[in-house]
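Chain by chain, the residues run as shown.
2 protein chains.
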Amino acid sequence: MDNTYLIEKDFKNLLKEQSAYQEAIALAQWDLRTKIPENGIEQRSEIIGFLSEKSHQLETSEKMKYFIDLLKDNTNDEIMIKTVAECEEKYNRNRKIPHNEYKEYVMLQSKSEAIWQEARKKSDFALFQPYLEKLVEYNKRFAAYWGYEDNIYDALLHNYEPGVTTKELDDIFPQLKNSLSSLLERINLSNYKPDPTVLKGHFPKRNQENFSMEVLRQMEYDFTSGRLDETVHPFAIALNKHDVRITTRYDEQDFRVAVFGTIHEGGHALYEQNINQDLVNTPLATGTSMGIHESQSLFWENFVGRSKAYWETYYDLFKTFAPSHYQQIPFDDFYRAVNEVKSSFIRIEADELTYPLHIMIRYELEKALINDEIKVKDLPHLWNEKMVDYLGVRPTSDREGVLQDIHWAGGDFGYFPSYALGYMYAAQLKEALNKEMNLDKLITTGKFTKIKQWLSDNIHHYGKMKKPLEIIEDVTHEKLNSDYLVNYLTAKYTDIYKL
Amino acid sequence: MDNTYLIEKDFKNLLKEQSAYQEAIALAQWDLRTKIPENGIEQRSEIIGFLSEKSHQLETSEKMKYFIDLLKDNTNDEIMIKTVAECEEKYNRNRKIPHNEYKEYVMLQSKSEAIWQEARKKSDFALFQPYLEKLVEYNKRFAAYWGYEDNIYDALLHNYEPGVTTKELDDIFPQLKNSLSSLLERINLSNYKPDPTVLKGHFPKRNQENFSMEVLRQMEYDFTSGRLDETVHPFAIALNKHDVRITTRYDEQDFRVAVFGTIHEGGHALYEQNINQDLVNTPLATGTSMGIHESQSLFWENFVGRSKAYWETYYDLFKTFAPSHYQQIPFDDFYRAVNEVKSSFIRIEADELTYPLHIMIRYELEKALINDEIKVKDLPHLWNEKMVDYLGVRPTSDREGVLQDIHWAGGDFGYFPSYALGYMYAAQLKEALNKEMNLDKLITTGKFTKIKQWLSDNIHHYGKMKKPLEIIEDVTHEKLNSDYLVNYLTAKYTDIYKL
Chain A
149 MDNTYLIEKD
159 FKNLLKEQSA
169 YQEAIALAQW
179 DLRTKIPENG
189 IEQRSEIIGF
199 LSEKSHQLET
209 SEKMKYFIDL
219 LKDNTNDEIM
229 IKTVAECEEK
239 YNRNRKIPHN
249 EYKEYVMLQS
259 KSEAIWQEAR
269 KKSDFALFQP
279 YLEKLVEYNK
289 RFAAYWGYED
299 NIYDALLHNY
309 EPGVTTKELD
319 DIFPQLKNSL
329 SSLLERINLS
339 NYKPDPTVLK
349 GHFPKRNQEN
359 FSMEVLRQME
369 YDFTSGRLDE
379 TVHPFAIALN
389 KHDVRITTRY
399 DEQDFRVAVF
409 GTIHEGGHAL
419 YEQNINQDLV
429 NTPLATGTSM
439 GIHESQSLFW
449 ENFVGRSKAY
459 WETYYDLFKT
469 FAPSHYQQIP
479 FDDFYRAVNE
489 VKSSFIRIEA
499 DELTYPLHIM
509 IRYELEKALI
519 NDEIKVKDLP
529 HLWNEKMVDY
539 LGVRPTSDRE
549 GVLQDIHWAG
559 GDFGYFPSYA
569 LGYMYAAQLK
579 EALNKEMNLD
589 KLITTGKFTK
599 IKQWLSDNIH
609 HYGKMKKPLE
619 IIEDVTHEKL
629 NSDYLVNYLT
639 AKYTDIYKL
Chain B
149 MDNTYLIEKD
159 FKNLLKEQSA
169 YQEAIALAQW
179 DLRTKIPENG
189 IEQRSEIIGF
199 LSEKSHQLET
209 SEKMKYFIDL
219 LKDNTNDEIM
229 IKTVAECEEK
239 YNRNRKIPHN
249 EYKEYVMLQS
259 KSEAIWQEAR
269 KKSDFALFQP
279 YLEKLVEYNK
289 RFAAYWGYED
299 NIYDALLHNY
309 EPGVTTKELD
319 DIFPQLKNSL
329 SSLLERINLS
339 NYKPDPTVLK
349 GHFPKRNQEN
359 FSMEVLRQME
369 YDFTSGRLDE
379 TVHPFAIALN
389 KHDVRITTRY
399 DEQDFRVAVF
409 GTIHEGGHAL
419 YEQNINQDLV
429 NTPLATGTSM
439 GIHESQSLFW
449 ENFVGRSKAY
459 WETYYDLFKT
469 FAPSHYQQIP
479 FDDFYRAVNE
489 VKSSFIRIEA
499 DELTYPLHIM
509 IRYELEKALI
519 NDEIKVKDLP
529 HLWNEKMVDY
539 LGVRPTSDRE
549 GVLQDIHWAG
559 GDFGYFPSYA
569 LGYMYAAQLK
579 EALNKEMNLD
589 KLITTGKFTK
599 IKQWLSDNIH
609 HYGKMKKPLE
619 IIEDVTHEKL
629 NSDYLVNYLT
639 AKYTDIYKL
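Keeping their order, the protein sequence lines are chains A and B.
Read in order, the letters of the first sequence correspond to residues 149 to 647 in this note's numbering.
Read in order, the letters of the second sequence correspond to residues 149 to 647 in this note's numbering.
Derived from the structure by calculation, the hints contain no laboratory data.
None of the values given here were measured: they were computed from a predicted structure.
Wrong hints could be hidden among the right ones.
Note that the list lumps identical chains together, so a pair holds whenever it fits in one copy or between two copies.
Below, computed lysine-lysine pairings styled on DSS-like, alpha-carbon distance capped at 25 Å [unchecked claim]: (1) LYS456 to LYS220; (2) LYS282 to LYS595; (3) LYS157 to LYS202; (4) LYS627 to LYS640; (5) LYS157 to LYS534; (6) LYS490 to LYS640; (7) LYS213 to LYS164; (8) LYS251 to LYS157; (9) LYS183 to LYS164; (10) LYS160 to LYS211; (11) LYS160 to LYS251; (12) LYS270 to LYS220; (13) LYS164 to LYS259; (14) LYS160 to LYS259; (15) LYS259 to LYS157; (16) LYS627 to LYS646; (17) LYS348 to LYS583; (18) LYS211 to LYS251; (19) LYS220 to LYS244.
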């Protein structure tokens with residue numbers, strides 16, 4: 149036993165080194181996106197590449213293998229057992245990729261992102277096409293190295309949502325699509341439409357910032373373990389659980405961008421800030437999957453931030469930050485305008501209802517690409533066709549179409565489904581919370597602490613100690629079920645559009 | 149030759165790794181002092197420690213030794229020759245310290261800094277004394293490992309001002325002291341004293357910031373390769389030559405803190421921003437010594453920023469940022485108030501004339517400590533005695549006395565002389581510039597570009613390609629000479645105090 153104790157101690161030191169690299173990388177990225185002067189960017193990318201390689205070397209080192217083998221069936225500590233399992237999985241997956249292919253791929257990624265930026269600017273898919281073709285090829289090859297049981301796409305999905313399969317998505321997404329499409333149709337036919345123009349007019353950035361900070365405080369985002377900055381593309385990033393930073397974007401013509409963006413990123417941040425302290429400096433000290441992470445951001449953004457309960461209670465507070473013409477806007481007009489549903493081209497600007505449809509388009513296309521059912525060169529056309537089919541609008545340029553997202557340029561195939569999964573998770577979790585407490589009542593009585601605590605106790609706390617579907621089943625006592633999301637959206641929009 | 153080319157290429161890759169660690173460390177430090185949330189501080193110190201150890205391991209690695217041995221007498225490239233020499237010196241010095249002693253010392257440093265913070269707060273030297281004793285012991289032991297010819301203190305001085313010896317300082321400082329003391333005496337006897345109260349009154353931070361930015365632009369500080377932030381203790385830090393950041397502190401009761409502080413740090417930053425691009429990713433891509441660095445910050449702060457030429461020309465500009473009561477302050481009253489001489493306790497608040505006297509006190513004490521001529525426990529008393537002797541004032545607490553500076557708490561013995569050396573270098577360099585051009589005329593005609601260019605061509609450009617005294621002699625064609633500083637101060641204060 150003494151010997152195991154010493155081995156565990158050495159292993160923990162190795163994990164601490166790994167955490168140190170991760171923090172250094174996260175800081176370098178945060179700074180790159182928020183504070184770095186223009187001329188520092190080039191060198192910075194190299195530094196991030198260097199530190200990432202060091203971290204990758206450590207993950208796949210003989211030393212790592214040595215500890216995994218020694219500790220695998222030789223420890224009783226639950227955290228240690230799961231830590232070893234996590235390290236083993238990373239070790240195995242990463243070792244399956246030949247080192248030179250990994251290096252080529254990393255270089256291809258950064259090159260492709262730069263080319264994608266340019267292609268998007270020029271709205272010229274042809275420029276990006278050869279890079280995307282290579283990225284798809286690499287991902288297919290990696291998927292083959294990693295292995296899969298049923299569908300090659302499963303191997304990629306595993307990187308973002310371990311435990312979820314293509315088969316499950318193919319079961320659940322069409323149902324969701326049908327429900328949302330018919331709801332969208334009814335909304336489009338409604339004669340009782342919100343008037344979004346009431347929200348127009350100059351809303352000073354400083355006031356938006358102050359209100360956003362106020363909401364973050366309500367959510368109990370811990371400012372002594374985080375900070376809020378401004379960026380073009382908002383994000384949340386955890387350096388460690390005591391330093392989880394968020395960013396937002398201000399549009400002085402539309403306060404919703406900053407306010408709901410801040411709540412969204414704040415939801416991600418709460419997850420990371422509330423992970424069990426015992427997991428610090430292990431690879432378990434982070435959100436368990438992209439989908440569960442998204443469930444936390446969407447929970448706060450939609451079920452709290454866009455809820456009737458919230459605005460009924462805090463509209464007066466909001467008005468103390470808002471331009472004076474808001475004094476004339478009746479609550480109902482305001483609430484309905486905030487929640488307008490409107491098919492649009494850009495995913496990240498989509499409303500609550502159409503958002504999952506944007507995701508499904510991407511899922512279907514990337515699954516088909518990886519399965520060799522379609523060709524990269526046909527993407528722009530197929531994208532636009534699906535937009536017409538799912539949302540009834542046809543993009544007029546590739547910039548507004550297939551070139552809008554960075555994910556594929558970064559080689560992230562298998563990531564998109566997490567967004568829709570996260571939304572379904574969130575709705576199902578909300579139902580579970582409602583069985584114990586009444587969410588709307590917690591909101592109207594200002595008991596945000598209880599909401600945060602429930603999420604922390606049931607989700608945040610575990611970090612990667614539980615797999616995504618394990619969390620869903622432990623908390624909700626059933627399998628993933630899209631009905632909760634459909635019911636929520638139906639009820640909400642039936643009210644707003646008098647369906 | 150082909151073989152050498154390949155070896156050099158591999159060596160350059162190793163140096164690039166070293167630069168990557170340095171940038172990661174610098175960023176972690178910058179963030180620690182400017183943006184980090186409170187709860188992130190503890191973990192951050194560990195990350196910095198980890199990265200520093202990695203960097204130290206690389207500097208003292210067998211791989212490094214291999215390249216040094218292979219390339220030492222086997223390259224014709226001047227940059228490569230000096231790079232190898234720099235690496236060899238670092239390798240040799242660092243290898244002389246046993247690894248376990250180095251680690252103990254690093255831990256002692258951070259512990260001591262924390263204790264010093266507390267001791268200063270409580271104004272309780274006894275708390276800090278045992279740590280300072282250990283730090284002195286380590287420094288003496290390290291100095292013995294490194295070796296020296298004449299005085300043990302030389303071995304420490306070498307870390308900050310290579311080429312300068314205790315003997316030289318003992319030649320030059322007493323002369324300087326005598327000249328400054330007699331000048332100070334005459335000033336104290338003058339009946340024509342400036343009235344600093346004219347500068348009193350609330351000066352909004354934002355206006356100070358805007359004026360500071362304006363001055364930085366005049367100096368041609370490159371904002372696309374840097375940024376200005378706010379901190380309690382201002383500093384300049386180079387992540388690389390394309391990312392050199394500065395910070396400043398705002399005192400709304402005294403604009404001089406921010407304005408002269410910003411110019412000072414801007415002077416440091418100009419040095420790093422204008423280093424020859426060919427040196428990037430070598431250990432030569434930074435200022436050659438603490439003293440030469442300080443010469444650049446003081447050149448701008450004092451010879452430009454506090455000069456009559458500057459304020460005669462830009463006082464009107466300044467008044468567009470200043471509170472309205474400045475409209476009533478005649479130029480002469482303003483200029484003289486800005487340049488008031490007054491013996492005070494705190495080094496970093498000292499005026500141009502008394503500043504070097506503060507340095508000499510520290511030099512004499514630390515030299516005596518390292519030479520076993522005095523004991524740590526006697527420092528507070530000896531400090532106060534010297535303050536009376538040099539400046540005519542006696543600190544009433546250790547906080548205002550021996551505990552005011554962080555240097556000793558960080559184990560930095562041999563650092564202080566750089567401040568006075570830098571000032572003498574600056575004055576001597578100014579004289580050299582004046583032989584080619586007229587500094588005051590460049591200032592009054594707004595030709596700051598020419599000032600910056602002259603400093604860049606003669607100093608910045610070289611990075612560590614030249615040793616400090618080599619720069620002084622190459623540019624001024626004579627050895628270090630304190631007369632220039634004395635003459636400058638005498639002329640300036642004769643005018644201001646009508647001596």
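Here is how each hint holds up against the structure:
Taking CA atoms no more than 25 Å apart as the test, LYS456 paired with LYS220 passes in neither setting, with 51 Å inside one copy and 74 Å between copies. Taking the closest pair of Cα atoms, LYS282 and LYS595 never come within 25 Å of each other, the shortest separation being 51 Å inside a single copy and 53 Å across copies. Taking the closest pair of Cα atoms, LYS157 and LYS202 come within 25 Å of each other both inside a single copy (21 Å) and across two copies (20 Å). For the identical chains of this complex, LYS627 and LYS640 are intra-copy neighbours only, at 24 Å inside a copy versus 83 Å across copies, given an alpha-carbon limit of 25 Å.
Taking the shortest alpha-carbon separations for LYS157 and LYS534, neither the intra-copy value of 54 Å nor the inter-copy value of 51 Å comes in at or below 25 Å. Proximity of LYS490 to LYS640 under the C-alpha cut-off of 25 Å is restricted to the intra-copy arrangement: shortest distance 15 Å within a copy versus 72 Å between copies. For a Cα distance limit of 25 Å, the shortest separation of LYS213 from LYS164 inside one copy, 16 Å, qualifies, whereas the shortest one across copies, 28 Å, does not. With identical chains, the CA atoms of LYS251 and LYS157 are at most 25 Å apart between copies only, with a shortest distance of 19 Å across copies and 32 Å within one.
When the C-alpha separation of LYS183 and LYS164 is checked against a cutoff of 25 Å, the pair qualifies only between copies, where the shortest distance is 23 Å, while the shortest distance within a copy is 27 Å. When the C-alpha separation of LYS160 and LYS211 is checked against a cutoff of 25 Å, the pair qualifies only within one copy, where the shortest distance is 12 Å, while the shortest distance between copies is 27 Å. Taking the closest pair of Cα atoms, LYS160 and LYS251 come within 25 Å of each other only across two copies (19 Å); inside a single copy the shortest separation is 28 Å, beyond that limit. Taking the shortest alpha-carbon separations for LYS270 and LYS220, neither the intra-copy value of 52 Å nor the inter-copy value of 51 Å comes in at or below 25 Å.
Only between protomers do LYS164 and LYS259 lie at most 25 Å apart by alpha-carbon distance; the minimum there is 20 Å, versus 31 Å within a single protomer. With identical chains, the CA atoms of LYS160 and LYS259 are at most 25 Å apart between copies only, with a shortest distance of 23 Å across copies and 36 Å within one. In this assembly of identical chains, the alpha carbons of LYS259 and LYS157 lie at most 25 Å apart only when taken from different copies (23 Å versus 40 Å within one copy). Taking the shortest alpha-carbon separations for LYS627 and LYS646, neither the intra-copy value of 32 Å nor the inter-copy value of 89 Å comes in at or below 25 Å.
Taking the closest pair of Cα atoms, LYS348 and LYS583 never come within 25 Å of each other, the shortest separation being 39 Å inside a single copy and 64 Å across copies. In the homo-oligomer, the alpha carbons of LYS211 and LYS251 lie at most 25 Å apart both inside one protomer (21 Å) and across protomers (23 Å), since each shortest distance falls under that limit. In the homo-oligomer, the alpha carbons of LYS220 and LYS244 lie at most 25 Å apart inside one protomer (20 Å), although the nearest pairing across protomers, at 41 Å, exceeds that limit.
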